[in-house]
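4 protein chains.
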Amino acid sequence: MTKIKAGIINVTGYAGIELARLLYRHPMVELCSVSGRSAAGQKIADVFPHAADIRLSIDADVKDVDVAFSAMPHKASAEVILPLFKKGVKIVDISADFRLKDAGDYPKWYDFTHPAADLLQQAVYGLPEFHRSDIANAVLVANPGCYPTGALLALGPAVKAGIVHPDIIIDSKSGVSGAGRSLNLTTHFCEAVDSVSAYALKGHRHFPEIVQELHGLNAGLDLSVTFLPHLIPMTRGILSTCYAQVKDGALKSGGGELMELYRDFYKDEPFVRVVSSPPGTKHTWGSNLCLIHPYFDNDSGRIIIISAIDNLVKGAAGQAIQNMNIMMGWPETTGLEALPVYP
Amino acid sequence: MTKIKAGIINVTGYAGIELARLLYRHPMVELCSVSGRSAAGQKIADVFPHAADIRLSIDADVKDVDVAFSAMPHKASAEVILPLFKKGVKIVDISADFRLKDAGDYPKWYDFTHPAADLLQQAVYGLPEFHRSDIANAVLVANPGCYPTGALLALGPAVKAGIVHPDIIIDSKSGVSGAGRSLNLTTHFCEAVDSVSAYALKGHRHFPEIVQELHGLNAGLDLSVTFLPHLIPMTRGILSTCYAQVKDGALKSGGGELMELYRDFYKDEPFVRVVSSPPGTKHTWGSNLCLIHPYFDNDSGRIIIISAIDNLVKGAAGQAIQNMNIMMGWPETTGLEALPVYP
Amino acid sequence: MTKIKAGIINVTGYAGIELARLLYRHPMVELCSVSGRSAAGQKIADVFPHAADIRLSIDADVKDVDVAFSAMPHKASAEVILPLFKKGVKIVDISADFRLKDAGDYPKWYDFTHPAADLLQQAVYGLPEFHRSDIANAVLVANPGCYPTGALLALGPAVKAGIVHPDIIIDSKSGVSGAGRSLNLTTHFCEAVDSVSAYALKGHRHFPEIVQELHGLNAGLDLSVTFLPHLIPMTRGILSTCYAQVKDGALKSGGGELMELYRDFYKDEPFVRVVSSPPGTKHTWGSNLCLIHPYFDNDSGRIIIISAIDNLVKGAAGQAIQNMNIMMGWPETTGLEALPVYP
Amino acid sequence: MTKIKAGIINVTGYAGIELARLLYRHPMVELCSVSGRSAAGQKIADVFPHAADIRLSIDADVKDVDVAFSAMPHKASAEVILPLFKKGVKIVDISADFRLKDAGDYPKWYDFTHPAADLLQQAVYGLPEFHRSDIANAVLVANPGCYPTGALLALGPAVKAGIVHPDIIIDSKSGVSGAGRSLNLTTHFCEAVDSVSAYALKGHRHFPEIVQELHGLNAGLDLSVTFLPHLIPMTRGILSTCYAQVKDGALKSGGGELMELYRDFYKDEPFVRVVSSPPGTKHTWGSNLCLIHPYFDNDSGRIIIISAIDNLVKGAAGQAIQNMNIMMGWPETTGLEALPVYP
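Protein chains in written order, with our numbering: chain A, 5 to 347; chain B, 5 to 347; chain C, 5 to 347; chain D, 5 to 347.
It should be emphasised that the hints constitute simulated quantities derived from the structure, not laboratory data.
By construction, the Cβ of each residue, glycine as well, lies at the ideal position given by its N, Cα and C atoms.
None of the hints are false.
Over 12 Å on every C-beta distance to chain C, these chain D residues come out as not near it, computed from the model:
| hint | residue |
| --- | --- |
| 1 | 7 |
| 2 | 31 |
| 3 | 42 |
| 4 | 83 |
| 5 | 90 |
| 6 | 106 |
| 7 | 108 |
| 8 | 119 |
| 9 | 137 |
| 10 | 209 |
| 11 | 219 |
| 12 | 223 |
| 13 | 225 |
| 14 | 273 |
| 15 | 333 |
| 16 | 336 |
With a Cα cut of at most 30 Å, we get these calculated DSSO-like pairs of lysine-lysine:
| hint | chain 1 | residue 1 | chain 2 | residue 2 |
| --- | --- | --- | --- | --- |
| 17 | B | 256 | A | 112 |
| 18 | A | 251 | B | 206 |
| 19 | B | 206 | A | 164 |
| 20 | D | 271 | C | 206 |
| 21 | D | 251 | C | 112 |
| 22 | B | 271 | D | 47 |
| 23 | B | 251 | A | 112 |
| 24 | C | 271 | A | 47 |
| 25 | D | 251 | C | 164 |
| 26 | D | 206 | A | 47 |
| 27 | A | 251 | B | 112 |
| 28 | A | 7 | C | 7 |
| 29 | A | 206 | B | 256 |
| 30 | C | 251 | C | 164 |
| 31 | D | 90 | D | 9 |
| 32 | A | 79 | A | 9 |
| 33 | C | 251 | D | 164 |
| 34 | A | 256 | B | 112 |
| 35 | D | 164 | C | 206 |
| 36 | A | 206 | B | 164 |
| 37 | C | 271 | D | 206 |
| 38 | B | 251 | A | 164 |
Let the sequences and hints guide you as you build the complete structure.
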């Protein structure tokens with residue numbers, strides 16, 4: 005069986021090298037080209053000792069690939085993707101550049117005018133649990149942000165079923181790798197360790213993506229979402245705690261009904277597991293799993309839905325490979341079967 | 005000037021030994037008796053190498069003290085406090101045994117029938133920012149729980165001012181020391197590190213305390229509170245993120261008005277600091293400070309109030325000493341002036 | 005191709021469940037029986053959420069297996085292994101029970117009289133890099149301790165080549181998972197985090213194993229070894245820093261000669277990588293790699309050899325599978341090809 | 005009683021702000037001037053929220069002080085100190101610029117020619133346990149490096165007593181704050197956490213300082229020292245494990261004799277505590293303590309001396325204040341009496 009040729013654009017960030025780790029073990033793929041401007045000319049082994057088995061040099065650009073994964077920052081990603089797209093290369097873009105359908109959101113949230121607004125409708129938002137069939141037919145998949153992945157999987161069933169009021173609060177807790185590999189004081193060990201803090205109170209860039217997709221599930225809800233991310237002293241993982249008020253008349257049978265709604269919604273999903281006790285992010289470390297615990301509090305009439313993911317896998321590189329698998333018609337779990345590393 | 009004699013009941017837990025650390029440097033107090041059943045007969049230096057300068061042996065009981073701090077577990081605390089109380093010893097109880105005014109809450113939340121229900125009204129809830137004058141006249145002060153301290157200081161001004169709807173969500177993140185020094189799998193290093201999880205979804209024991217005190221601030225609000233604690237891989241610190249919807253007509257001038265409300269409420273408080281950016285728990289490490297950041301989101305009409313404390317200091321031992329200072333008529337900051345240890 | 009049936013004795017510790025994680029993805033093995041007294045009757049998913057894909061119940065004993073891995077504590081391991089051994093089951097024992105050739109070492113170091121001293125000569129010390137051909141013919145392999153694995157791989161080439169004086173110092177730094185999953189104050193999060201300490205100054209049980217194997221490499225050296233382990237606030241990993249004085253006349257050409265000696269010694273080894281800069285344990289996380297950096301200090305005439313492993317993989321479960329692969333005649337890397345998880 | 009005026013040069017690094025934390029509570033000192041080029045014009049509260057109680061602005065230079073602490077990098081420190089020295093300001097220099105007596109060491113180890121070589125003999129190496137009386141008479145004190153402080157206190161008694169052979173190995177483990185507050189990949193949270201590594205194998209700048217001072221204790225020993233530092237995933241603390249061979253005839257009575265030698269050497273020292281079990285760095289967190297555990301291994305004839313300090317206190321800011329106290333003739337513990345913060 006012939007393997008397809010895959011390339012990673014910007015392998016030198018955490019999402020990029022995580023793609024390399026996973027693709028290296030993918031049975032249908034040959035990772036044959038990786039790029040990264042800051043390290044161009046170096047071997048992967050020199051920059052990433054853990055990945056020395058991948059005997060590739062880092063180039064300025066990827067070339068001659070059937071599928072390309074972009075882990076570039078926003079704006080730069082669109083620029084490098086467009087020529088590949090025109091050549092017919094299948095693309096999974098880990099940046100935000102093709103996630104939002106409304107081109108007007110880019111100047112507002114990302115400070116740039118989108119260079120290919122016409123492609124926004126053609127690109128598919130790559131959350132397989134919501135858009136599997138569109139992904140299967142896509143050439144350009146916009147891989148969801150790490151926070152949206154956890155929040156949408158947590159809220160999706162409740163929002164789609166219309167059992168909640170539109171006031172939704174998402175309190176997310178992320179490990180430090182979500183802030184990337186570049187240097188700033190926030191991610192200095194001595195500043196990040198032994199501390200928790202909230203950030204982006206004035207609005208996080210993942211906000212419009214969450215709203216867009218929740219709206220897509222249930223256009224009738226006049227959503228009022230608050231999304232607040234927190235930085236946690238750990239490397240990987242996002243825990244999203246989502247709160248919403250249940251509509252009168254919904255969940256009459258109580259928490260069991262909620263649990264059943266969730267189990268049913270995700271019953272065929274290979275990577276989403278509805279669990280009966282609150283999950284720890286540690287139990288997803290290194291894997292593409294999303295653990296979800298739905299809870300209904302009778303006294304307050306509120307539901308609490310908690311999801312746990314590894315932000316670099318289901319929140320980035322793993323989901324990108326899941327999307328590629330779907331695009332290629334392969335079994336969705338190919339190359340993603342390893343269990344989380346615990347403890 | 006004669007120092008008063010102080011004792012610590014159950015010095016062998018984290019709150020107990022933190023009391024010892026702080027009292028050792030208190031200029032008006034001589035720490036002269038500490039108890040701890042599991043380590044009775046041992047010297048403090050043998051159990052706690054960092055505190056070897058405190059040249060005391062751990063006894064089975066404290067004796068001959070003017071003021072006693074109890075760091076016993078609930079139920080046991082009331083039992084050991086009552087005889088001291090009858091002898092006229094001033095008491096600060098770090099357990100929950102005298103926090104709740106309704107004796108019926110004890111069987112419900114703590115699984116025991118209160119042995120001195122008549123004292124519940126006499127005991128004063130020791131949150132100085134809310135009950136300073138009562139504390140000054142009290143003989144028995146019930147030191148607040150760690151979560152309630154952070155949550156109440158965050159929500160107090162808004163609730164008292166009546167600017168919010170009664171639906172309140174408190175999403176708290178606590179370091180592991182809050183779970184105590186006894187052994188269980190949850191606090192095993194390898195289980196707690198690199199992970200975040202929620203717990204006590206069915207109701208945490210600090211819940212009734214939060215509701216009681218918020219109700220005390222504004223009896224007109226028909227509160228519906230959700231309080232959810234999370235375990236974070238760090239030793240000290242609680243960050244509480246509180247969400248509430250603003251009433252129509254309130255905060256017409258926007259976030260500045262909210263900030264002013266908070267600054268005004270806490271303007272004379274020595275330990276509460278209203279800050280203009282989201283605080284990290286690290287910036288309170290080892291100190292009695294509470295940092296509060298109030299934020300108003302115009303789009304959703306929601307306020308987000310974030311507070312950061314050190315759970316072992318303002319959430320336990322430091323606040324207990326603050327209470328003693330008030331009870332004794334001393335300057336409130338006596339013995340609590342040290343800056344946080346950073347980084 | 006028929007898979008062989010494998011069982012794990014005592015799956016409920018960290019080494020046991022790590023075996024399960026790795027065996028689950030081994031293409032030649034069906035993990036069909038796991039035991040663990042403390043959790044007998046429970047499903048793996050209930051005890052280890054990360055491993056829920058392994059749909060097995062935990063039994064009191066393993067049964068009907070072709071190969072058994074024992075992750076029992078010492079003494080108990082020998083007891084449970086012996087009947088299986090008599091039935092012809094191939095065994096990899098992760099405990100210390102068959103590592104030492106001198107039965108007299110067991111009362112001295114492990115406080116018990118060995119129940120099958122005659123088997124000690126028959127058992128093979130399972131460090132493939134030293135004993136590959138014996139392992140290939142063995143029925144009972146004694147998997148090395150985590151510290152000996154790192155120390156022996158670091159020191160082996162220099163000791164065998166006879167370039168060093170017999171005074172050797174091994175200063176090892178281990179993550180907390182090496183202390184196991186059972187509860188004690190040392191592994192409480194709040195005690196282990198933010199701290200480093202040495203332990204076992206009077207002699208660690210891995211000491212005789214290190215001496216035995218170094219002696220086996222070069223019986224002419226009258227070894228005087230000091231081995232001192234330290235506990236480090238991280239979950240996985242052992243870094244061993246080894247110091248020895250170079251004999252007069254050796255390494256005349258300097259550090260390059262040392263590097264060449266090491267590269268040559270390990271040139272065909274799939275899991276040992278001689279690296280040109282000091283390794284971090286993080287770069288082995290979750291993998292069977294051993295990274296070794298040999299350094300020669302001309303001024304002092306001393307060599308410093310540093311090795312990094314993941315104590316639960318190359319130091320336990322991974323090496324056990326490597327041993328099984330050799331015993332079965334399979335490619336040695338089967339099931340162990342995944343890259344480390346970084347960051 | 006009139007307080008003296010103190011200033012901190014370069015308050016914006018970890019040692020500088022730690023000086024501020026400690027000086028703020030020093031009863032004989034008024035901290036009245038702090039400098040820091042990168043943050044000049046900002047308030048301390050803006051850069052360091054934990055230290056908001058210190059109501060000072062950060063200036064370009066310190067002025068009008070009786071005593072100045074320099075936390076500048078090497079070379080820059082000498083340049084800024086010299087004019088102050090000429091004005092008669094007492095100086096404690098935390099940089100390396102006046103630690104080495106041989107001016108030729110500066111080009112070799114620090115890549116610059118010393119601008120005031122004549123002052124090197126006049127400056128006093130500020131390890132009070134070795135040079136107390138000289139410090140008392142000094143105007144310029146060179147505060148020891150963090151590693152030398154721990155290593156020298158560990159080895160001092162044995163080297164001075166001449167009981168060891170001159171081959172000495174110092175294996176040190178340091179928290180990340182030792183690497184400073186400036187940004188580089190090594191101190192990125194995701195790179196430093198969950199990992200241990202050695203560095204500076206080719207020679208660390210603290211090496212000549214260690215050798216100079218050990219030589220000063222016992223000029224008859226022809227020392228051959230290996231010093232190897234390691235980076236540990238924690239914020240504060242250095243553990244130094246020191247190995248040396250005992251001379252024939254020494255320590256005939258065994259480990260008790262070694263313990264007695266150490267207890268006697270340090271019997272009047274306020275900050276050095278000889279302890280009977282291996283110390284954890286955590287037990288010095290935030291304090292000026294040095295915990296030392298001397299151990300004699302009869303079998304190998306080797307001693308192992310372990311010391312634990314907080315690198316930012318006894319290894320930097322605390323020792324600087326201890327030195328000032330001695331220079332001023334105050335009780336040596338003034339302002340340094342607080343217990344370590346545990347856990």
